[in-house]
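**Q** These are the residues of each chain, in order.
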Amino acid sequence: MISCQHVTKTYKNGTTALDDVSVDVEKGEFVFIVGASGSGKSTFIRLLLKEEEVTKGEIYVAGKNLAKLTAWKIPHLRRNIGTVFQDFKLLSDKTCFENVAFALEVIGKPKHVIDQRVPEILDYVGLADKLNNYPDELSGGEQQRVSIARACVNRPLVLLADEPTGNLDPSTSVDIMRLLDKVNRIVTTVVMATHDQAIVDAMRRRVIELDAGKVVRDQARGVYS
Amino acid sequence: MARFESLFRETTSGLRRNGLVAFAAISTTFIALLLFGLALLISRQVSLMIEATTGNVEVAIYLTDPVNPDTVHSLTTTLNDLPVVADVQYETKAEACERFKRLFANQPALVNNVSCDVLPASLRVKLDDPEHYDQVAAVMQGQPGIDRIVDNHDLLDKLFDVTRVFRVGVLLVALVMLVSAAVLIANTVRMGLFARRKEIGIMKLVGATNWRIRLPFLVEGLFESLIGAIAAIFFLFGLKVAFINPLYGTIRFVPWVSNGDVVAIVPWLLVVGALVAVVAGMVGMRRFLDV
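Line order of the protein sequences matches chains Y and L. Per my numbering: the first sequence = residues 1 to 225. Per my numbering: the second sequence = residues 226 to 516.
No lab work stands behind these hints: they were computed from the structure. Quantities reported herein were computed from a predicted structural model and do not represent experimental measurements. Heads up, a few of these hints could be off.
Capping the alpha-carbon separation at 30 Å, the derived lysine-lysine pairs in BS3-like fashion look like this [claimed, not checked]:
#1 L:Lys326 with Y:Lys130
#2 Y:Lys182 with Y:Lys130
#3 L:Lys423 with Y:Lys89
#4 L:Lys423 with Y:Lys50
#5 L:Lys326 with L:Lys423
#6 Y:Lys56 with Y:Lys214
#7 Y:Lys64 with L:Lys423
#8 L:Lys423 with Y:Lys12
#9 Y:Lys73 with Y:Lys89
#10 Y:Lys94 with Y:Lys50
#11 L:Lys326 with L:Lys351
#12 Y:Lys73 with Y:Lys111
#13 Y:Lys73 with L:Lys423
#14 L:Lys423 with Y:Lys68
#15 L:Lys351 with Y:Lys111
#16 L:Lys318 with Y:Lys182
#17 L:Lys465 with Y:Lys94
#18 L:Lys326 with Y:Lys109
#19 Y:Lys27 with Y:Lys12
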């Protein structure tokens with residue numbers, strides 16, 4: 001599903017964020033990327049979305065070489081990748097329903113598809129009764145559920161989560177992890193960058209540890225450190 | 226339809242959010258296109274007047290009534306033999322009458338009161354170089370069948386000189402205004418982008434194409450400039466009705482711009498307005514929307 005071969009990323013200011021990283025993620029896997037702040041986790045996710053270009057090496061997502069992807073094909077890559085962030089990135093002037101529907105509207109899905117899929121996915125993440133609530137009226141955990149619903153509504157091949165529990169208290173984090181686990185089992189491959197030790201230890205999934213841009217550990221059913 | 230609905234919503238919400246800047250952009254476009262339209266109408270008025278006074282030719286040779294076809298033939302041949310003559314056209318009384326009616330179509334009183342009988346047939350001569358009028362005059366003077374020879378090039382030169390200054394001046398002001406309109410539209414587009422950078426970020430993340438992201442902003446700019454253009458068109462009609470209509474028939478044998486002439490410049494105003502908006506929109510979005 002994702003294949004990185006000797007990927008190096010050096011920013012213009014000379015910082016090397018990733019240094020010769022080779023990682024393969026199979027279809028249906030759940031992978032934690034762990035490491036301290038500045039270890040290259042977010043850069044890794046930005047490279048997968050082609051928000052940044054690799055300096056050296058190659059990345060394949062769903063069989064496509066990202067380096068050879070032309071600018072106007074990038075949107076189509078991103079339609080296959082769901083994204084979830086620490087800060088939810090919800091639009092405060094739209095309801096839950098509208099926030100999720102927005103993701104389908106802007107890629108040109110017809111109204112009947114939107115009307116069918118949006119309630120379905122919001123029900124799936126456990127927000128069936130909050131369709132018409134605005135983000136301000138929801139708890140942090142609920143907002144993150146909306147953003148997971150938005151990331152999954154177009155049935156992506158991969159879900160990228162960048163510190164999805166970073167803004168949540170421990171018990172809410174556990175709920176979100178249960179949901180991501182469910183998403184992983186039923187819908188899609190999940191790659192999650194985090195430095196939440198408790199969660200990684202509890203889940204016992206594959207762990208890739210980055211330190212100063214290098215892979216220092218790649219362990220099936222691993223723990224944080 | 227859902228797509229158009231969501232596009233439309235984004236466009237109109239953008240206009241509402243940027244109310245004041247949008248108003249500045251609309252009014253500047255209005256003034257710019259009003260001046261541009263004025264310049265076009267002035268040009269039209271001048272060319273009407275020139276046609277009425279000179280018939281658009283450098284030398285007109287009016288023939289005596291009744292016209293003898295043989296005379297026409299021999300005069301034409303003589304003229305064509307002159308090296309300085311570029312072209313000779315024979316205009317019959319009936320053709321002269323047609324032209325007169327066309328020029329003064331919006332002044333029926335004048336057309337009805339002038340009998341076509343008084344309009345003479347003429348030979349209309351174009352010269353390689355207008356300075357060579359003397360040679361034509363010398364050869365034609367005293368030939369039979371000629372009523373009088375009129376040299377228009379002095380008059381034409383003066384008319385063109387006077388009106389050129391005026392036209393270029395108005396066009397220059399219009400150009401400056403168009404540039405400011407473009408800058409203001411670019412600014413509204415940019416402010417809209419800034420106000421909605423979060424939405425745009427999400428659109429990019431979920432895989433909206435660049436055009437899907439840009440279109441609402443382009444349409445917003447287009448909308449502003451077309452409102453300005455339409456206001457300018459109505460204003461020009463108003464000006465024409467208020468200031469030109471009372472002049473109909475006041476000065477004998479002077480034609481004035483008609484409603485049709487104003488209608489004829491409408492597409493120009495719309496096209497220029499749209500172009501300015503599209504260029505301004507592209508400039509406003511540049512850099513901002515790289516993937």
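**Q** Against each hint, give a clear statement of whether it holds in the structure.
**A** How the hints compare with the structure:
1. A distance of roughly 75 Å separates the Cα atoms of lysine 326 (chain L) and lysine 130 (chain Y); the hinted pair therefore is violated under the 30 Å criterion.
2. Of the supplied pair hints, the one linking lysine 182 (chain Y) and lysine 130 (chain Y) holds, its CA atoms being roughly 20 Å apart against a limit of 30 Å.
3. A hinted pair counts as satisfied when its Cα atoms are at most 30 Å apart, and lysine 423 (chain L) with lysine 89 (chain Y) qualifies at roughly 8 Å.
4. A C-alpha spacing of about 19 Å is found between lysine 423 (chain L) and lysine 50 (chain Y), which places the hinted pair at or below 30 Å, so the restraint holds.
5. At roughly 64 Å between alpha-carbon atoms, lysine 326 (chain L) and lysine 423 (chain L) are farther apart than 30 Å, so this suggested pair is violated.
6. A distance of roughly 14 Å separates the Cα atoms of lysine 56 (chain Y) and lysine 214 (chain Y); the hinted pair therefore holds under the 30 Å criterion.
7. Distance restraint check for lysine 64 (chain Y) and lysine 423 (chain L): the Cα-Cα separation of roughly 28 Å lies within the 30 Å cut-off, and the hinted pair is therefore satisfied.
8. With a C-alpha separation of about 25 Å, the suggested pair lysine 423 (chain L) and lysine 12 (chain Y) falls inside the 30 Å cut-off, and the hint holds.
9. A hinted pair counts as satisfied when its Cα atoms are at most 30 Å apart, and lysine 73 (chain Y) with lysine 89 (chain Y) qualifies at roughly 24 Å.
10. As the CA atoms of lysine 94 (chain Y) and lysine 50 (chain Y) are separated by approximately 28 Å, the hinted pair is consistent with the 30 Å bound.
11. About 23 Å separates the Cα atoms of lysine 326 (chain L) and lysine 351 (chain L), which keeps this hinted pair within 30 Å; it holds.
12. Simply put, lysine 73 (chain Y) and lysine 111 (chain Y) have alpha-carbon atoms about 24 Å apart, close enough for the 30 Å limit, and the pair holds.
13. Among the hinted pairs, lysine 73 (chain Y) with lysine 423 (chain L) is consistent with the structure: their alpha-carbon atoms are about 22 Å apart, no more than 30 Å.
14. With a C-alpha separation of about 28 Å, the suggested pair lysine 423 (chain L) and lysine 68 (chain Y) falls inside the 30 Å cut-off, and the hint holds.
15. Of the pairs offered as hints, the one joining lysine 351 (chain L) and lysine 111 (chain Y) is violated, with about 68 Å between alpha carbons and a cut-off of 30 Å exceeded.
16. Simply put, lysine 318 (chain L) and lysine 182 (chain Y) have alpha-carbon atoms about 94 Å apart, too far for the 30 Å limit, and the pair is violated.
17. Among the hinted pairs, lysine 465 (chain L) with lysine 94 (chain Y) is inconsistent with the structure: their alpha-carbon atoms are about 49 Å apart, more than 30 Å.
18. Of the pairs offered as hints, the one joining lysine 326 (chain L) and lysine 109 (chain Y) is violated, with about 60 Å between alpha carbons and a cut-off of 30 Å exceeded.
19. Distance check on the hinted pair: lysine 27 (chain Y) and lysine 12 (chain Y) sit about 33 Å apart at the alpha-carbon level, beyond 30 Å; violated.
Of the numbered hints listed earlier, those contradicted by the structure are 1, 5, 15, 16, 17, 18, 19.
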